[in-house]
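S.K.: Sequence:
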Amino acid sequence: MRDTGGHAAPARILVVDDEPSIRLLCRVNLELDGHEVLEAGTLASAREAVAGEDVDLVLLDVHLRGERSDALIAECHA
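Residue numbers (the numbering used here): 1 to 78.
Each hint should be verified, as a subset may be incorrect.
Beta-carbon label-pair distances, calculated as ranges [unchecked claim]:
(1) S69 / L25: 14 to 22 Å
(2) L32 / G66: 29 to 37 Å
(3) S69 / S21: 24 to 32 Å
(4) S45 / A11: 25 to 33 Å
Derived from the structure by calculation, the hints contain no laboratory data.
These numbers were taken from a predicted model, which means no experiment stands behind them.
Glycine included, each C-beta is placed from N, C-alpha and C at the ideal position.
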């Protein structure tokens, strides 16, 4: 998160889940707390969302249909 002189700044958070209702639930609650939320329903769209963007946190469904979520974790960590 960005430094705002001792107060937590709003974070840019990427929510990756193949269930639209889960993404919506996360988005609504995080935005109520003042955060900026990006959404992705697939790993490919998650990669596009973070390309050239600073993201403070990724909320990742580790059971995406037919995809290996651990690959994205490794990419984000690199």
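S.K.: None of the hints should be skipped; say for each whether it holds.
M.R.: Hint-by-hint comparison with the structure:
1. S69 / L25: 14 to 22 Å: Since the Cβ atoms of S69 and L25 sit about 19 Å apart, the hinted range of 14 to 22 Å holds.
2. L32 / G66: 29 to 37 Å: holds (32 Å)
3. S69 / S21: 24 to 32 Å: violated (19 Å)
4. S45 / A11: 25 to 33 Å: Check failed, 20 Å falls outside 25 to 33 Å.
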